[in-house]
Amino acid sequence: MLDVTYEVALTSQLRSHGLAGGCALVRITEDCVDLTGADGGKLSVRLDDIIRLRVGYLDGRSRSYESRLWRWEDPKPLRLVPLVATWREYGVATRDLAARLEQRGRRHCLEQGSSRADAIFGIVATGLIAIASVVISLVALEQEPWWGRLLVPVFPVCLFGLLLYMGVRRYWPRPINSLAELDVQLPPT
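Per the numbering used here: the sequence shown = residues 171 to 359.
One or more hints might be untrue.
[Said to hold, decoys possible] Distance condition first, Cα-Cα at most 20 Å in a straight line; then the derived EDC-like pairs of lysine to aspartate or glutamate:
id: 1; residue 1: Lys246; residue 2: Asp218
id: 2; residue 1: Lys246; residue 2: Glu281
id: 3; residue 1: Lys212; residue 2: Glu177
id: 4; residue 1: Lys212; residue 2: Asp244
id: 5; residue 1: Lys212; residue 2: Asp173
id: 6; residue 1: Lys246; residue 2: Asp288
id: 7; residue 1: Lys212; residue 2: Glu200
id: 8; residue 1: Lys212; residue 2: Asp201
id: 9; residue 1: Lys246; residue 2: Asp219
[To be verified] Beta-carbon label-pair distances, calculated as ranges:
id: 10; residue 1: Arg241; residue 2: Val324; range: 44 to 54 Å
id: 11; residue 1: Phe291; residue 2: Ile221; range: 19 to 29 Å
id: 12; residue 1: Arg344; residue 2: Gly230; range: 44 to 54 Å
id: 13; residue 1: Val324; residue 2: Asp204; range: 48 to 58 Å
The set of hints was computed from the structure by calculation and includes no laboratory data.
All C-beta atoms, glycine included, are put in the ideal place defined by N, C-alpha and C.
Using the sequences and the hints, build the whole thing.
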């Protein structure tokens, strides 16, 4: 197995676990995921204590990757958001972690996607705009020719369709069938 480390942003959640500094190093060992704060503190998560590992990304102004680790002793997942400079190492280490969990017969713990909230947000926001544009087209523009009425809702409805596809296909959390499915959710190596 590999010995790769990557850096993650140190969130308030990771600080609450005793890590200090601006970032933390993540290292996958034979039995653990070790997190070490840049200015001190350490957190070790045994692979046997991982209930679920979700790997995903979000596209916005720029792309961001993240992994969420659920553990038996804490209902809130640990969010691991790699720094851009270590995306390659993050991809290698996360593939390795998933392979280790699968070797232990724990593929059922592996998920792809971001979160339900991330998936639903764009759908709801553009869905409301798409509905409003259709209503305006049908009610307020009834004196216009049919092609003129279609111009108003075309862009909002197309945007809604795109975000619906992205929400369901990319961001909605779901179990993986094979480790190859994680490659879509990870940076290229």
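Now for the hints, and whether the structure bears them out:
With a C-alpha separation of about 17 Å, the suggested pairing of Lys246 with Asp218 holds against the 20 Å cut-off. The suggested pairing of Lys246 with Glu281 holds, with an alpha-carbon distance near 16 Å, which does not exceed 20 Å. At roughly 14 Å between alpha-carbon atoms, Lys212 and Glu177 fall within 20 Å of each other, so this suggested pair holds. A distance of roughly 16 Å separates the Cα atoms of Lys212 and Asp244; the hinted pair therefore holds under the 20 Å criterion.
Using a Cα cut-off of 20 Å, the hinted pair Lys212 and Asp173 holds, with the two alpha carbons roughly 18 Å apart. The straight-line distance between the Cα atoms of Lys246 and Asp288 is roughly 17 Å, inside the 20 Å bound, and the hint therefore holds. The straight-line distance between the Cα atoms of Lys212 and Glu200 is roughly 17 Å, inside the 20 Å bound, and the hint therefore holds. For the given pair, Lys212 sits about 15 Å from Asp201 by alpha-carbon distance, which is consistent with the 20 Å threshold.
For the proposed pair Lys246 and Asp219, the alpha carbon gap of about 14 Å is at most 20 Å, so the pair holds. For the pair Arg241 and Val324, the supplied restraint of 44 to 54 Å holds, since their beta-carbon distance comes to about 47 Å. Remark: the range hint 19 to 29 Å for Phe291 to Ile221 is upheld by a beta-carbon distance near 25 Å. For Arg344 and Gly230, the Cβ-Cβ distance of about 21 Å falls outside the hinted range of 44 to 54 Å, so the restraint is violated.
For Val324 paired with Asp204, a C-beta distance near 52 Å keeps the hint of 48 to 58 Å intact.
In this structure, the one hint that does not hold is number 12.
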